[in-house]
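Start from the sequences and build out the full structure, keeping to the hints where you can.
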Amino acid sequence: MAPERMAQGGRIDRDRVLRFRFDGRGMTGHPGDTLASALLANGVRIVTRSFKYHRPRGIMGAGVEEPAALAALAGAQGQGNVVPTTLPLRDGLEVRSIHGWPSVRCDLGAVAGLVSRLIPAGFYYKTFMWPDWHLFEPAIRKAAGLAPVPDTPPQGRYEVRNAQCDLLIVGAGPAGLMAAVVAARAGARVMLADEGLEAGGSLLARPARIDGAAAMNWVAAAVAELAALPNVTHLQHATAWGWREHGLVMVQERAPDHRGLIERGWRVRARHVICATGAIERMLVFPGNDRPGVMLASAVQAYINRWGVRPGRRAVVFTNNDSGHDVARELRAGGVELAAVIDSRAGASADDLPLLAGQVVQRSLGWRGLRGVEVAPLSGGKTQRIACDLLAVSGGWNPAVHLHSQSRGTLRWDDTIAAFRPDRTAQPSASVGAADGRFGLHQALQSGAGAVAAHLGLAMPDIPQAEDAPYRIEPLWSVPSATGSKAFVDLMNDVTLDDIALANREGYGAVEHAKRYTTAGMALDQGKTGNVNVIGILAGLQDAAPGQIGTTTFRAPYTPVSFGTIAGGRAGPALLPYRHTPLTDWHIAQGAVIYEAGARWRRPGYYSQPGESFQQTIDREARTVRQGVAIYDGAPLGLYAIEGPDALRLIEHACTARYGTLAPGMGRYGLMLTEDGLIFDDGVTFRLAEDRFLLSASTGNADAVGLHLEKILQIDRPDWRVRVVNLTQQWMNATLCGPRARQVLARLTDMDLSTDAFPFMGLRAGQVAGLRSRVARVSFTGELSYEINVRQRDLPTLWDALLQAGAQDGIIPIGSEANHVLRVEKGFLSLGHEVDGTVDPYDLGMGWAMAAKKGDFIGLRSVRLRRASGLARRELVGLLPEDPEVSLPEGAPITPGGRREASEGLVTACVRSVVLDRWVGLGLLLGGHARRGERVQVRLPDRTIAAKVVAPVFHDADGTRMRE
Amino acid sequence: MLLIECPFCGPRAEIEFSYGGPAATRRPDDPAQVSDADWVDWLTVPENRAGPVPERWCHAKGCGAWLTVLRDTRTHDILDVRHGA
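From first to last, the protein sequence lines stand for chains W and V.
Just so it is clear: in the first sequence, position 221 is 221 by my numbering, and no numbers are missing.
Just so it is clear: in the second sequence, position 17 is 1017 by my numbering, and no numbers are missing.
FYI, nobody ran anything at the bench for these hints, they're computed from the structure.
Errors might be hidden in some of the hints.
As the list claims (entries may be wrong) - Below, a sample of chain V positions facing chain W; criterion: calculated Cβ distance under 8 Å: (1) Ser1018; (2) Pro1022; (3) Asp1030; (4) Ala1037; (5) Trp1039; (6) Cys1058; (7) Lys1061; (8) Trp1066; (9) Val1081; (10) Ala1085.
We treat Cβ as the ideally placed atom computed from N, Cα and C, and that holds for glycine.
Structure (structure tokens):
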């Protein structure tokens, strides 16, 4: 058995042995142990080197409050910054201390502690500001005492569940269990969530009695009763870490009983919340209060009673309240020699204890571990040394008000317990037991039962008999000797009393400022044992009451939460699922490289042939469209049917062009603007009949266009009689394009395809390949082009038919890369390239799309206002690199003279043109329309590229080819 | 995460909704008649007070209704939900 393990007692299973390693040393523990209790049982005193000064630190707490110790898990269960006091021991754990180089016992970085006078609070901000903090950050992070990120992702999965309940009870200590039993018996839907490994809360760690028997008997009976009731969900090792609006409480369940599941997140919508979150003990602030061997008194109590571990051989207790006296008695009962009880209260007394009343620990003695303490009267006087290897400290108790505060409930300072306690609630809830500052066991049971009875309108039920231990406290925020030495208020972030005083002197005395200036309370433990000491110290410096200083804002999470618990299954491809066209599988089978093209659609980027380079593939595909015939998967194009007597009004209100003059069977290109006069979308709208239209929208914008149109109809114009139906996934098109498109299509249809019968911008219904079709003669490539729309299920049939009908003309499928080349050669717009949310129609040379003779439409007023200002705008231009073999990186800035200064534009697109056999680009350039012929410079990090400004069209400028 | 009482679907979680911005006053019927200053005010200066603020929300992953929601920005309390403006 491990050296510090007691022969009996505690809630561990001594018959079973768990083996683990700490920094390579083999150790053992038992089921029921935490990593912390097992390390202490094995005599490990130093677990961590501190963040800034690299001071040796040991385990000081026994639960979520742990203010000092962190560890890392290696191997398959790799995880950084694990809190050893909350990690259940498992067989085979491979544990590493944090920031020991070469080892935690001998850390070279500890030299930082020797020069600590030179690195006070705010040092990093003051010193590393110039020229840029980010230059220094990596080195500082490396020197900081935090675990590295594990190499491998966690093995297993996470999930998230939604739940609803009448009552969510947080905490399964005496108050929470009592509340749960009363609520469950009344038939309410109850959720009980407790952060501990097992229910019982504080009763797990102390020898209390309920109804004349061991309190844990009552706990076991209550847990069994709850387990038998169908209206109760009881979660252990499950922390309510965040309380959001409308009764939503986030719960992290760490050990779900399910194979392969690492953690489960719960989103609980509770009608009413009972906060039975208990209380957390405060540290005391004196020089060397971080030395391994100094522990919270409540933690010492827990290790002895719950885990059967003696954290030391000879102990001193240092307290400012009654709870330390009980711990002293239990230490003695546990076989630890009790050297002294130092009580800062002059009036303290306890006949059975070696009590030194009115005295304080001036400082701890020792180097790597505690060897003794120096004690003196609080009022000053002679010091004495007491040898010990364990110092149990208690600075009093803080109700764990975190959850109550997160719900926006208020706090008030209570002098009788020298702590903040809940005041007004903001969401339906109540705090009970120690969380409400009622530290007695009887009070806990009574307030737990009472809060539920009051909420459910029940008579106060009978509660079991229990005693309230006395609790008196005289606050001691720091001992008088603590200035000018290392007396820590925040161990994990290495913040000392002097740092708080410095912040106060330098004008950062407001509690939120002091926190940020010193980083007190900003470490992984969020200052659970130290924050109120900081408030008390600030109050002393400012001659104010702690209630006047107030607390910092309590924010989620209460304890560290893994991202996996929040995300659940929404990770990887499930986060934003891909959309597949009916042809995606065909493209993949053909060896296409698949792109995500707008709104998560999986579309072909290009179809490489054996032996081809990337550029050769794109050239071949684009050239085929210019010279022969090709097909493109246009399935995802946004498509809306707009029908009703007011359909025309809606379209003319939402789009820039006129549609009233449009004949049925014809379409017109238009822009959709936002009300601030910027381009939101573009597309062709066809008129099917007097009151029926088809509006096409960009692939990536289709959903947003639908929302936009519905908003107009439901919010602004409920009087208009018009219906908008999203057809995007019902009608899907294959785009047949190239000079030979007509002859290929003619083989599959009886339609008259002559330009007279079916002109450019026409829409015709009929049969293609025996399928019901609507064919639109529009072009995004500048060539003769037909978008053949069929029902979704018919698209693969149509696709095959087109490939067969076009075989003799050398038809090929093309991807979005070639499509991009073709549209840039024509200077056609693309959302996300030229249309980036900053341009209006005039900027793009599309003033013609702003119908002059029609009335108001969305965006017109703002465009006119902008034009009237006469300010220079970034305008669309074509760019020809002076060296035709050099491409311009898309997105690269254009700067005046190529100098390193603010840009005057940017490259929006650049492709290798198949008609000009050179690189051509498009860009937005300040005052660009008037700068044709000028030479501009594209600025890259290491060089510039010269380009000539030209008109933004490189092929068939008058558009004859697509109209013929 | 807010719980929004859709008039058609009942109380639903915020993730089913798309935020549609603050609810401006009704769009002028003829913006050409509005002065530049008034237009800019209407367009870009929505009320942003600590207290009940009307907002547009679309139940996009539900019934598709555009709603006007009166939400208290201090507490998130939702005081009123109605369809349309």
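Problem set entry | Interface hint for V:Asp1030, Cβ within 8 Å of any Cβ on chain W | Given a least distance of 6 Å, the restraint on V:Asp1030 holds.
For this session: Using Cβ atoms only, decide whether V:Cys1058 comes closer than 8 Å to chain W, and label the hint accordingly.
Result: holds (6 Å)
Problem set entry | chain W contact restraint for V:Ala1085 - C-beta distance below 8 Å | Because about 5 Å separates V:Ala1085 from the closest Cβ in chain W, which is inside the 8 Å limit, the hint holds.
Problem set entry | Given hint V:Pro1022 near chain W, where the shortest CB pair must fall under 8 Å | violated (12 Å)
Exercise. Minimum Cβ distance from V:Ala1037 to chain W below 8 Å?
Worked result: violated (10 Å)
Problem set entry | Interface hint compliance - V:Ser1018 to chain W, C-beta minimum distance less than 8 Å | holds (6 Å)
Problem set entry | Evaluation of the interface hint that places V:Val1081 against chain W, nearest CB under 8 Å | violated (13 Å)
Exercise. Hey, does the V:Lys1061 contact hint survive, CB to chain W under 8 Å?
Worked result: violated (11 Å)
For this session: Closer than 8 Å between Cβ atoms is the bar; does V:Trp1066 clear it against chain W? Give me holds or violated.
Result: Cβ of V:Trp1066 sits 4 Å from chain W, so the hint holds.
Problem set entry | chain W contact restraint on V:Trp1039 - CB to CB distance below 8 Å | holds (6 Å)
Hints 2, 4, 7, 9 from the list above are not met by this structure, while the remaining hints are.
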